[in-house]
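Colleague: The primary structure of each chain is shown beneath.
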Amino acid sequence: MGKRVAVVGFGQTIGRSSRKDVNGVEIINEAVVAALADAELTIDDIDAIVIGNMDHFEGINYVDSWSVEGSGGVMKPIFKVTTGGTTGSSVAMCAYYHAASGMFDRVLAIGWEKNSESDTTGAIITAFDPFWERPNIGGAIAGLAVEASKYMSNYGVTERDGARVAVRERLHALNNPYAHLHQEWMKGMEVDQLVELLVTSEQNQVLAYPLRMSDMCPRTDGAAAVVFASEDVAEKIAPIPAWVVATANRHDYVYLGDLNWDVNETLRDASRKVFEKAGIKEPLKEIDVCELYMPYSYAGLKWMENIGFCGPGEGPKLLWDGTTDMDGELPVNPSGGVMSYNAIGATALIRVGEAAIQVMRKAGTRQVQKDVNYALSTGFGGCSWADVMLLGKNKPA
Amino acid sequence: MTNQEEKKQELLTVTSGEMYQPYNWSAGSRGSRFLTELKENKRLFGIKCPKCGRVYVPPRKVCGRCYVAMDELVPVSDEGEIVVCAIIEFGFVDPATGVQRPVPYGYIFVRLDGADTTLPHFCNSADPEKVKVGARVKAVFEDERKGTLMDIRHFELI
Numbered sequence: 001m002g003k004r005v006a007v008v009g010f011g012q013t014i015g016r017s018s019r020k021d022v023n024g025v026e027i028i029n030e031a032v033v034a035a036l037a038d039a040e041l042t043i044d045d046i047d048a049i050v051i052g053n054m055d056h057f058e059g060i061n062y063v064d065s066w067s068v069e070g071s072g073g074v075m076k077p078i079f080k081v082t083t084g085g086t087t088g089s090s091v092a093m094c095a096y097y098h099a100a101s102g103m104f105d106r107v108l109a110i111g112w113e114k115n116s117e118s119d120t121t122g123a124i125i126t127a128f129d130p131f132w133e134r135p136n137i138g139g140a141i142a143g144l145a146v147e148a149s150k151y152m153s154n155y156g157v158t159e160r161d162g163a164r165v166a167v168r169e170r171l172h173a174l175n176n177p178y179a180h181l182h183q184e185w186m187k188g189m190e191v192d193q194l195v196e197l198l199v200t201s202e203q204n205q206v207l208a209y210p211l212r213m214s215d216m217c218p219r220t221d222g223a224a225a226v227v228f229a230s231e232d233v234a235e236k237i238a239p240i241p242a243w244v245v246a247t248a249n250r251h252d253y254v255y256l257g258d259l260n261w262d263v264n265e266t267l268r269d270a271s272r273k274v275f276e277k278a279g280i281k282e283p284l285k286e287i288d289v290c291e292l293y294m295p296y297s298y299a300g301l302k303w304m305e306n307i308g309f310c311g312p313g314e315g316p317k318l319l320w321d322g323t324t325d326m327d328g329e330l331p332v333n334p335s336g337g338v339m340s341y342n343a344i345g346a347t348a349l350i351r352v353g354e355a356a357i358q359v360m361r362k363a364g365t366r367q368v369q370k371d372v373n374y375a376l377s378t379g380f381g382g383c384s385w386a387d388v389m390l391l392g393k394n395k396p397a
Numbered sequence: 001m002t003n004q005e006e007k008k009q010e011l012l013t014v015t016s017g018e019m020y021q022p023y024n025w026s027a028g029s030r031g032s033r034f035l036t037e038l039k040e041n042k043r044l045f046g047i048k049c050p051k052c053g054r055v056y057v058p059p060r061k062v063c064g065r066c067y068v069a070m071d072e073l074v075p076v077s078d079e080g081e082i083v084v085c086a087i088i089e090f091g092f093v094d095p096a097t098g099v100q101r102p103v104p105y106g107y108i109f110v111r112l113d114g115a116d117t118t119l120p121h122f123c124n125s126a127d128p129e130k131v132k133v134g135a136r137v138k139a140v141f142e143d144e145r146k147g148t149l150m151d152i153r154h155f156e157l158i
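Sequence lines, in order, name chains H and W. First residue of the first sequence? That's 1 in our numbering, and the numbers climb one at a time after it. First residue of the second sequence? That's 1 in our numbering, and the numbers climb one at a time after it.
Honestly, I wouldn't trust all of these hints.
[Claimed, not checked] Calculated lysine-lysine pairs in the BS3-like style (CA-CA distance at most 30 angstroms, straight line):
#: 1; chain 1: H; residue 1: Lys20; chain 2: W; residue 2: Lys7
#: 2; chain 1: H; residue 1: Lys317; chain 2: W; residue 2: Lys130
#: 3; chain 1: H; residue 1: Lys20; chain 2: H; residue 2: Lys76
#: 4; chain 1: H; residue 1: Lys20; chain 2: W; residue 2: Lys8
#: 5; chain 1: W; residue 1: Lys51; chain 2: H; residue 2: Lys273
If you're looking for bench data, these hints aren't it; they were derived computationally from the structure.
Isolated chain H, as found in the complex:
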């Protein structure tokens, strides 16, 4: 077993639909400066860097090389990690491995994207097979829409259930000054009233039935950085470090058509592995808060089941009884989640950072009002692979 490792600092830019005032180097720099300030470190303290984005969104390759003036990577060990939607969580996992190896004490993880610089669907398609998938692919939203169709058919789930997830995420985002979507008009309205509006309003355009505009994440320009530190230095840097308790990732298919559409198997198995390593037997009771990579509303139902928070088909109950709201037993996505801020290469790293600040009690207006011993973060690449990282207040044994 390697060294124990903790998150000791987190920085992110405010999410915007377009940041024409900065190029890639500069938006990366904003996040790194914020993370270093949060950890009260300077770039000289950083021993190694892991950076990631999805090259095909900006069409400029080798970010590890050309970003060094922004990332702080001049004359330092720096590696690029690109794994699709999970890029940010994979960057976090690799930074963790660096620090756990005992070879680097303070490791900077960076994720970023300027989604405004290309067509998201056009870019995502380049990750699919030219013979068997591209000729008729339905785009970035369609892969999620088809998953929703099966989940709804299996369990009699309705558009109202999906809308209730969207309402939770957007209401939570109102507490997060960094969120891209701040739907101020929702303030003061009842949850039922908002759900009704989302499923009936003609303005809420259907993109890929059963998914409407409100069911989807936005496209965001943004960047995030997280500082990982080994047990030799972590407690000197942060008053309450967020320890990495366990992490795992899983992949399971070649072509989309190979997927078992009934269950998100990669998320299920990566979660099981993490819980097994951590000794967690009842996730719903033992985990205190979650920052989950849920790019669309029905993920807030089905994937909760697949993680193991409830049984098959029980996602809607967990949602409607308020369990996952800010004041519930298991607050999910106090930040407003991916559906409120989605700079794709940064998105999964923001889940790790947001989970960490809940443990560190630095989440400000979005801090959950309860003790946080365990905070769970996930990454999703799609469809459908998974990274899972569990953070905790207590130093692992």
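Fit chain W to the known structure of chain H by using the hints.
Modeller: Using the frame of chain H, we list chain W on its own:
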């Protein structure tokens, strides 16, 4: 230039222009055979794992779950069942043609009879009341076939 002047500065972008970067991808021997059978005989087949018995469409050389080589080609039907589906309403450029596809259209994953995996394709209907999980469909072949997946024009509801 002062900071004040910089704030008033127009923010510029540059477009990549009409980029064209052709690739030549390999279908492999199994993929080539599948596409040739489709083109010449309108016949579809999969490949069966000797260990778990799973029948994969399109055929490939290795069952990833068992990590064993597969050699047994098995015929599959041109009819099957919709496993998952969506009605696409947002328009985007078709990566194969460079042209925006007309919307709405049905996007379905079909489990052909005899197969365990599903094949993504278009449906001839965009009616959410008819394009549903569990609905039966049949392949409609192009008259002039070229050896691509689009030699199946779409699947029609039975």
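Colleague: State for each hint whether it applies.
Modeller: Results for each hint:
1. H:Lys20 / W:Lys7: holds (12 angstroms)
2. H:Lys317 / W:Lys130: Between Lys317 (chain H) and Lys130 (chain W) the Cα gap is close to 29 angstroms, so the pair holds against 30 angstroms.
3. H:Lys20 / H:Lys76: Holds, because 29 angstroms separates the two Cα atoms, which is no more than 30 angstroms.
4. H:Lys20 / W:Lys8: It holds: about 13 angstroms lies between the C-alpha atoms, which stays within 30 angstroms.
5. W:Lys51 / H:Lys273: Holds, because 26 angstroms separates the two Cα atoms, which is no more than 30 angstroms.
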